[in-house]
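Enquirer: Each chain, letter by letter, is given below.
Number of protein chains: 4
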Amino acid sequence: MEKLNFASDYIYGAHPAVLEALSKLNDAPLPGYGTDGVTEGARALIRDAAACPDAAVHFISGGTQANLLVIAAMLRSCEGVIAADTGHINAHEAGAIELTGHKVLTLPGENGKLNASDVRAFMRRFAADENRAHTVQPRLVYISQPTEYGTLYSLEELRALREVCDACGLYLYADGARLAYALASAGNDVSLRDLSALCDAYTVGGTKCGALFGEAVVIPDKRLLPYFFTQIKQHGALLAKGFALGAQFVALFQNGLYGRIGRPAIEAADRIREALREKGYALSPETPTNQIFVLLENAEYERLSKEVALGFWEQPDDAHTVARIATSWATTPEETDALLQKL
Amino acid sequence: MEKLNFASDYIYGAHPAVLEALSKLNDAPLPGYGTDGVTEGARALIRDAAACPDAAVHFISGGTQANLLVIAAMLRSCEGVIAADTGHINAHEAGAIELTGHKVLTLPGENGKLNASDVRAFMRRFAADENRAHTVQPRLVYISQPTEYGTLYSLEELRALREVCDACGLYLYADGARLAYALASAGNDVSLRDLSALCDAYTVGGTKCGALFGEAVVIPDKRLLPYFFTQIKQHGALLAKGFALGAQFVALFQNGLYGRIGRPAIEAADRIREALREKGYALSPETPTNQIFVLLENAEYERLSKEVALGFWEQPDDAHTVARIATSWATTPEETDALLQKL
Amino acid sequence: MEKLNFASDYIYGAHPAVLEALSKLNDAPLPGYGTDGVTEGARALIRDAAACPDAAVHFISGGTQANLLVIAAMLRSCEGVIAADTGHINAHEAGAIELTGHKVLTLPGENGKLNASDVRAFMRRFAADENRAHTVQPRLVYISQPTEYGTLYSLEELRALREVCDACGLYLYADGARLAYALASAGNDVSLRDLSALCDAYTVGGTKCGALFGEAVVIPDKRLLPYFFTQIKQHGALLAKGFALGAQFVALFQNGLYGRIGRPAIEAADRIREALREKGYALSPETPTNQIFVLLENAEYERLSKEVALGFWEQPDDAHTVARIATSWATTPEETDALLQKL
Amino acid sequence: MEKLNFASDYIYGAHPAVLEALSKLNDAPLPGYGTDGVTEGARALIRDAAACPDAAVHFISGGTQANLLVIAAMLRSCEGVIAADTGHINAHEAGAIELTGHKVLTLPGENGKLNASDVRAFMRRFAADENRAHTVQPRLVYISQPTEYGTLYSLEELRALREVCDACGLYLYADGARLAYALASAGNDVSLRDLSALCDAYTVGGTKCGALFGEAVVIPDKRLLPYFFTQIKQHGALLAKGFALGAQFVALFQNGLYGRIGRPAIEAADRIREALREKGYALSPETPTNQIFVLLENAEYERLSKEVALGFWEQPDDAHTVARIATSWATTPEETDALLQKL
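Chains as they are written, first to last, in this note's numbering: chain A, 1 to 343; chain B, 1 to 343; chain C, 1 to 343; chain D, 1 to 343.
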C-alpha cells in the first residue's frame, strides 16, 4: 500500500478529463507550436471565462518558466520587479529572474502578501532618492494568488495595489500557479474577470490544478508584449506539440471545470485545519486555501513524516519545523480520514 | 476528412504505449521534480540501452531548451560553440544560445554536417591568430544526429570529430531530437553506445519520436556538470511533475521500443523518395532518414500545399521552394499511398 | 632608441591639448558622473559640430563598451543586429554583443562595408520565411566609418542604407572609433552632420583620435533611449570622474581640432601607400584612411616585424600574412621617412 | 570663488604624480591592451607591496566594472554572492550584478559590515534546507574595505570571515575602492599583505584615491580566473590604451605613495568629526575613515547645502536627512577650516 501523501499538490498525473483530452490528440494531425485549432479553442475558453476578449493567451510548461518569461519580456535591462521577500520568484526559483538580468526588489510580506501601502512607501523613497538614476528602476509588481503561504488577496487589496501601480508607473503581474484553489475558497472574492481588469498579466495554473503540466499566461492587452511568441521560443519554452498544452486547458475550462476543480482540496483542507486547531497545533499562518502550514517539534515532524509524506517548509528555530500539508483536486475523503487518524 | 499531413513529425499526440504510461500516473502518488521511482526507472533503462552506467540523465520538455541548457552549462562566459551554419541552434532557435550569452561560431556545413577537417582548420586558424585572446574562445562542437537536413554522421565521421575535439580541447555535444529516425535508418552505423563513448553530452529525442513531449539529456560523465539540476530549475525547465517525462521514457525504452519506433517512418520515407526520384524531382539533399527535402517550382508547391500539409523549408531563388516532407512513427501505409497519388 | 612603431593608432598617450585639459581638472572641484559643467560643455560642442541640438551625448571609456551599450539598449531580447562578417562587433569583441543576449546576423562585407542591397535582400528573405517568428528578429544595422578595413561609406551609400532601414523598420548605428581619420580623408564626403541626419546613433571616437581614452555616443533623438544613463551605470561603464572624459572632448572639439587632428595620419598613410605600390606590394584592400593592409610573404613579415612594430591582421594562406600599418595624429614625417627606408 | 565642496572623494582630477605620469606617455610608443612595460611595472609594484608575487593584476576603469567582472568570472550561472544589504553591489550599482545573471543574497549589515557569524548562520540554514537544490547556491562573499559606511573590518573580523568561507566552500572578495583611506586610518590593522593572504580577489582603488580613474584587481592565485583577460574584453572593459591605467598605478605605488596618499583626508576628517561631536551632531555611524555621515534636520541640510556641496545619503524619516561629508587626498587644511566655520 502506498504511504499517505500530502507532500504537495502535484503528486498525481492529471484529472481524468485532461487525460482523455490528451488521448484524443492521436485522432487527427495538428500543426505545431500552438497554432492549431485545439489550442485556439483553449484560448477562446479562457478569454471567455476571464472576460478579456482581446487578451493574448500563451501556454507554458511550468510556473517558473511563465514567471521569468513574463517578467523578462516586460522589463528593460535596468528595471526590476518588486516582490514580497517570501515570493516564489525571490525564494524558490534558483535565481531565474536574475538570470534574465533583473533584480528582485524585496519588501517584507505579511503572510506572503505585499501591502499596497508598503509599495507606495517604497516608491516614495525611490522618488526622493537623489541618486535614483544610479539604481535599479522599479517597474513591475509581482504577486501570487494564492501566495506562497496559501493566503489570498482580497479584491480591495488587489485594487489598492492597482492604484499604486497606476500612480507610480508600475505593471502588475499575478502568478496564479494555484489559482483554482483560490477560486474554490470560501474566503475568496477575486474572480478571473477581476484579474483581467486589474493585472497587466497573470497566469492560470494548470500543473497544480488538474493538468499533467502547463500554465496559461493571460495578457489582457496583447499590445503590451508584441514579441512574446518569439521570446517564448528563444527561452526554449515553445513546445513543438503545443496542442498538448491546449488540449489540457480545453478540458480544464470546458463546462466550467476550472471553477470547481479545487473544491475537494478546500473541503479536505478545511477538515484538516479544524482537526489541527482542535488538537492545539499552531498554524503559521492561517490560510483559506489548499496549503496548511503547521508548526511541529522536530521529533514530531520526523515521526509524522514516517507515516505521511509532508512538505518540508522551514526551520524557524533549532527545535521546530514548519511542515506543509497540501491537498489537491485529487485528494479523497478517505485519504483525509486516514490523515486525521495519524494526527 | 482530415487533409493529408506530412508537415512535420510532431503532428500527432503520442505512441499508445506513452499514453498508457501517462494514464497510470493517477494510480499512486509520486514525489516531484523527477526524484520519483518512475523517472529513476527511465534513467536506468536509458543508461542500460546506452551502455553508460554512470551517466547523468535529465529529462527536459523540448529540444531548444535541452540545447541551451547543455550549452550554457558547459561554457564559461567568453566561450563559444562551433556549429554548422545550418545547425538548429544557429538558424531555428530565435537566438536562444545568444540569450545565454554565447556566440555560435559557424562553419559551412555539407548537407547539414560539420566536417572534422573544417573544425581542425578553424582551430588551427584560431591558434595562429595573435589576437585570439580578444576573441570568443571555441570550446564546444554542436552537431545533430540526424542533422537539420536529415543526413547522418557515420561512425567514422563521428570518431574524426571526437579526435579533433580531443586534440583541441573541445567538448562534443550531439542533438538527437530525431535520434529514433537515425537508429531506424538502414544507412546508420552509430548506436546509442557509440554516442555515449564519443560525446560529452547528447540528447535522446522524445517529442518527435513517439513521446507527447520531452527529451532526455545524457551526460556520460556526470561530474562534468555538477549543478545541472539547479541550472534546469533556474531556466524554468524543471517540471514539478517530472514523472510525466519519466513515465514517457519508460514507455519508449521498455522492451527496446525506441530502437524500433522509427521504422514505419523510414519505410514510408523510402517509398516516397523512390517515387519522387522516379518522377524526376530533385531531392536537396538526399537523405536516409524521415525527412525529405524536395525542390519544387513555386506554383507546384502551392498546388501541392492545398492538398497535403507540407513543411516550408526555404526559397533558394524567386521561382522555387524547397518543401519538407516528414514522416513519423505514426505514418500509415495508407497515408503514404495517398501522398504518392498526389505527386 | 625606440623601435619604429606603426602597430596601431593607440600607441601614444594623448594630444597635447588633451593632456593640458586633464591637468586643469585639479583647478576646481566638479560634481561626479558627467553631471559637471565641463562635460556639459563638451556635449554642447559636439551637438554644435554635428548639427543636432537635441541630441543626447554620452561619454564612454572605450569602443567595445560603447558598441555593446548602444546595441543592448536599442534591442528587445529576441532582436538581433545585422553586421558585415568582418565587423568589429562580430570579429573582434570576444562575444560582447552575445553576452548581452543578442545575435549578430552577418552578411558578407565588401572590403568591410555592408551593401544596402544585401541588407534589402536579407530582409526580403526574412519577410518571406514562413517560420520567421521562430528566428531572431533583425532590428538594427551596425556599420563603422571608417570600417575595420579602413574603407569609407560614401554619402550615397549611407543614404541607401538609411532607406533600407526606413523601409524595413531597422535602426542604423555607426561605430566611429576612427572617425577623425574619415573626416580627414580626401576620399570622404560624409560629415558629422550627415551622420546625425542618417543614423539613430553613432560614436565619435576619442581613443584612437587624440584622446587618452573615451568615445562619445551621439543619439540624435534622445527619446530613443530614455534609460541610457542608468544602463551605462549598470554595465559598470559610468565613470565617477566623468569630467575626465568631458574635458578631453572639450579639447578635441574646441576650435575644430577634431576635424583637423587626423590630417597628419592621412598624409603619412598616403606617402606609405604610394611607396608600397611603387615597390609592387599588394594592398588588400585599397584604403583611403590611416590603416594600410599589405600582403607579405611570411618571411618578409617576420623580417620587417623585427625592425618595425606592425599589426598582425590575418593569414590568408600558409605562406602569407596580411600586416596592418597604422598611422595616427601623432605620426611624424621623420617616422614615415624611417619606415619608407625599411621597405 | 568656488563653492566649498565635500560632496565626494572624486571631485578633483588626479594627484600631481599621476598627471605627470600620464603626460610622459607621449614620450615613446607602447603596445596596447595593458601588454606594455609600464603596465607590467605597475603590476610588479603592486605584487611587491601586497606580497603576492604570483598574483594576476588587472587594471579596470571603474569600481562597478571591477566588481561585476570579478563576481561574474567567479560564479557559475546558478551561484550567488552574499553581501550586506547596504553593500555597494546591492544598493548602488543599478543591478549590475543581476545583469550578469547572479543574485545578490543579502544579510543585514552592522554599520555596513558583514558579520562572520551571520554568514555562518546563513550557510547553516542553507545546508539544512531540504529544497536547497532549488535555490541559488551561495558561492562568494562580497565585502568592502572601507565599507559603504566608511567603517573598517579588523584583521580579526577578516580572519573570521575567511574561516567561514573555508568551512563553507565560499570565495571571499574585498572591494577596495577607497582602500587608501583604510590604510591611512589610525583605526586600521589590515594591510595589503593581509588582503592577499585572506581574499581570493580584491581591488585597490584608484579613482577615489589619487588616480584620474582606474582600479587594480588583484587575484593572489591567478589560476582561479584563467580567462579573465578575455572576459574583461568581452565586457567592453579592456582599454586599448591600457598603459593609461598602468602609468597611474606606477605613480601611486612608486615610493609607497599609496600608503600615504590618504593621510590628508583622514586628518581633515578627524578634525571635522571632532567639531561635529562638539556641536552635538549625531554621526550615523561613527567612522574612522574619510567619510562622515551626519544626521541633519532637513532645513539644516538645505541651508548647509547652499554653502557647501555635500553628499545626499538617505532620509531616515520625513524630517531628517543623512548627509555625507567626504574628504580626500586633495583636501586642504584651508578647506577644512572653511567648513568648520560653516557648521
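Watch out, some of these pointers could steer you wrong.
To be verified - Computed from the model, here is a short list of chain D residues facing chain C with C-beta under 7 Å:
#, residue
1, 62
2, 106
3, 107
4, 123
5, 133
6, 134
7, 138
8, 233
9, 234
Stated by the list, open to error - Examples of chain C residues toward chain D, derived with CB under 8 Å:
#, residue
10, 2
11, 13
12, 25
13, 131
14, 134
15, 213
16, 235
Stated by the list, open to error - Listed below are the simulated DSS-like cross-link pairs for lysine-lysine, each with C-alpha atoms no more than 25 Å apart in a straight line:
#, chain 1, residue 1, chain 2, residue 2
17, C, 342, C, 3
18, D, 3, C, 24
19, B, 279, B, 222
20, D, 24, C, 3
21, C, 24, D, 24
22, B, 24, A, 3
23, D, 279, D, 3
24, B, 3, A, 24
Bear in mind the hints are in silico, worked out from the structure with no lab data behind them. All figures in this text were calculated on a predicted structure; none of them were measured in a lab. C-beta: ideal position from N, C-alpha, C; glycine also.
Enquirer: Next step is simple, just say for each hint if it's right about the structure.
Expert: So, going through the hints one by one against the coordinates:
| no. | hint | verdict |
| --- | --- | --- |
| 1 | 62 | holds (6 Å) |
| 2 | 106 | violated (18 Å) |
| 3 | 107 | violated (23 Å) |
| 4 | 123 | violated (28 Å) |
| 5 | 133 | violated (26 Å) |
| 6 | 134 | violated (24 Å) |
| 7 | 138 | violated (23 Å) |
| 8 | 233 | holds (4 Å) |
| 9 | 234 | holds (4 Å) |
| 10 | 2 | holds (5 Å) |
| 11 | 13 | holds (3 Å) |
| 12 | 25 | holds (3 Å) |
| 13 | 131 | violated (29 Å) |
| 14 | 134 | violated (24 Å) |
| 15 | 213 | holds (6 Å) |
| 16 | 235 | holds (7 Å) |
| 17 | C:342 to C:3 | holds (12 Å) |
| 18 | D:3 to C:24 | holds (17 Å) |
| 19 | B:279 to B:222 | violated (50 Å) |
| 20 | D:24 to C:3 | holds (17 Å) |
| 21 | C:24 to D:24 | holds (16 Å) |
| 22 | B:24 to A:3 | holds (17 Å) |
| 23 | D:279 to D:3 | holds (23 Å) |
| 24 | B:3 to A:24 | holds (17 Å) |
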